[in-house]
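Undergrad: One-letter residues, chain by chain:
2 protein chains.
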Amino acid sequence: MKIAVLGTGDVGRQIATRLVGLGHEVRLGSRTRDNPAGLAWAAEAETGSLETFEGACRESEVVFLCVRGEHARAVLGAAGNLDGTVVVDVTNPLDFSSGFPPTLSVANTESLAEQLQEAFPAARIVKTLNTLSNPLMVDPRQLPDEHHIFLSGNDADAKAVVRRLLESFGWRPHEVLDLGDISTARGTEMWLPLWLRLYGVLGTPLFNIKLVRAT
Amino acid sequence: MKIAVLGTGDVGRQIATRLVGLGHEVRLGSRTRDNPAGLAWAAEAETGSLETFEGACRESEVVFLCVRGEHARAVLGAAGNLDGTVVVDVTNPLDFSSGFPPTLSVANTESLAEQLQEAFPAARIVKTLNTLSNPLMVDPRQLPDEHHIFLSGNDADAKAVVRRLLESFGWRPHEVLDLGDISTARGTEMWLPLWLRLYGVLGTPLFNIKLVRAT
Chain V
1 MKIAVLGTGD VGRQIATRLV GLGHEVRLGS RTRDNPAGLA WAAEAETGSL
51 ETFEGACRES EVVFLCVRGE HARAVLGAAG NLDGTVVVDV TNPLDFSSGF
101 PPTLSVANTE SLAEQLQEAF PAARIVKTLN TLSNPLMVDP RQLPDEHHIF
151 LSGNDADAKA VVRRLLESFG WRPHEVLDLG DISTARGTEM WLPLWLRLYG
201 VLGTPLFNIK LVRAT
Chain L
1 MKIAVLGTGD VGRQIATRLV GLGHEVRLGS RTRDNPAGLA WAAEAETGSL
51 ETFEGACRES EVVFLCVRGE HARAVLGAAG NLDGTVVVDV TNPLDFSSGF
101 PPTLSVANTE SLAEQLQEAF PAARIVKTLN TLSNPLMVDP RQLPDEHHIF
151 LSGNDADAKA VVRRLLESFG WRPHEVLDLG DISTARGTEM WLPLWLRLYG
201 VLGTPLFNIK LVRAT
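If you're matching them up, the sequences are chains V and L in order. Under our numbering, residue 215 is the last one in the first sequence; the count climbs by one each step, no gaps. Under our numbering, residue 215 is the last one in the second sequence; the count climbs by one each step, no gaps.
These aren't lab readings, by the way, just hints derived from the structure by calculation. Heads up, some of the hints might be wrong.
Covered, in the sense of this in silico footprint (three residues per stretch, anywhere, with C-beta under 8 Å from a C-beta of chain L), are these stretches of chain V [claimed, not checked]: (1) 107 to 113; (2) 137 to 151; (3) 167 to 181; (4) 195 to 202.
Computed Cβ-Cβ distance ranges for the label pairs, DEER-style [stated by the list, open to error]: (5) V:Asn154 <-> L:Arg68: 53 to 63 Å; (6) V:Ala214 <-> L:Gly23: 25 to 35 Å; (7) V:Pro36 <-> L:Asp83: 50 to 60 Å; (8) L:Arg172 <-> V:Gly99: 33 to 43 Å.
Among chain V residues calculated to face chain L with C-beta under 10 Å, some are [claimed, not checked]: (9) Phe96; (10) Thr184; (11) Gly187; (12) Ile209; (13) Lys210.
Bear in mind the structure is a predicted one, so any value in this text is a computation, not a measurement. Each residue gets a CB set at the ideal place from its N, CA and C atoms; glycine is no exception.
For reference, chain V alone in the conformation it holds in the complex (with noise of 0.2 Å):
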């Protein structure tokens, strides 16, 4: 499969890589075609390629949107044309602006999953994998237990391209609970501010949780 993956940090090139390890066409998509961190990915990686989010993004069918929260809007309009592109979107809306622990640029009422599907309205946004650190993205089995992520996004058939993927991951079928629309993004970036604070109590990011239900 075409993919792009957004966003040259930890994220994207976790992504990336796993990608290119399940024999995906993979180009890295940054601001510019010098960025660092991107070529040397590019050099190391067997196939894949640093491209800018416009040519990372063409003829791309599924798209990784993995940069900051901040910049999600900004990148998806340089990515040209999405329309009927299966977006996944792994972006937070942390604000560091008022130091550690970040609060949530917008949250409760909206989500910055929904702002991006109503900006981009012919894409096709799917909400997931923003609520674990990135090492457990593409690699859940490294957990000695089941755990479990999450779907949020209004187009079906985009959400099962997703699960497809999520599952070629190593994510089994059952820990991949499809939420709703993509109004219900709001509940997993919320989740954020509990997951940092668990990060700080455990002492590593390498967590998830399990739903675990009565019998």
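Got chain V sorted already, so can you dock chain L onto it with the hints?
TA: Here is chain L on its own, set in the frame of chain V:
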């Protein structure tokens, strides 16, 4: 222990019944002493009585606050002198004025727990149990696996008192995570939007989260 439980709804009655069963001297508090749910509870309970908020809190060492978030501040204001009292804040600032799912009336840059601590600076407020449904609060072993709850509060001794009560409910020591000061309640209150969506997807309120970490 002399304990007041403020609020005659499901949460208050559930907690009051559990405390009676554990041998505590429990007074259920309501705005008026003729509250029907409260009278019915007192008639059924082996011990325990229905009082006004102030009557219930008089001489109580611990006060459970189990009212709707919108009433939390007024109810504590009607509770009389709370200086030094351990107040277990089980509330959530849910705002149903725009329908379902509710939004939060306070979030992100503050929390209801912080507002209460600021309004009643000599009370020792501990936020806990607001992250799961009331049958599980007082009987966590209903679930077939370990699962976790959280403590937020500024007073270590008060948190220790609450921890012991939680353990008497059946919570295992390692299942009760101390997140830190009262501001960490932002995280657990902001968990509610995701909890509400999961309630819809799972079809039962009898679930909770287990934190799974890398070994």
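Undergrad: All the hints need checking, so say for each whether the structure fits it.
TA: Results for each hint:
no. : hint                             : verdict
1   : 107 to 113                       : holds (count 3)
2   : 137 to 151                       : holds (count 7)
3   : 167 to 181                       : holds (count 4)
4   : 195 to 202                       : holds (count 7)
5   : V:Asn154 <-> L:Arg68: 53 to 63 Å : violated (32 Å)
6   : V:Ala214 <-> L:Gly23: 25 to 35 Å : holds (27 Å)
7   : V:Pro36 <-> L:Asp83: 50 to 60 Å  : holds (59 Å)
8   : L:Arg172 <-> V:Gly99: 33 to 43 Å : holds (35 Å)
9   : Phe96                            : violated (13 Å)
10  : Thr184                           : holds (5 Å)
11  : Gly187                           : holds (3 Å)
12  : Ile209                           : holds (4 Å)
13  : Lys210                           : holds (4 Å)
Comparing the model with each numbered hint stated earlier shows that hints 5, 9 do not hold.
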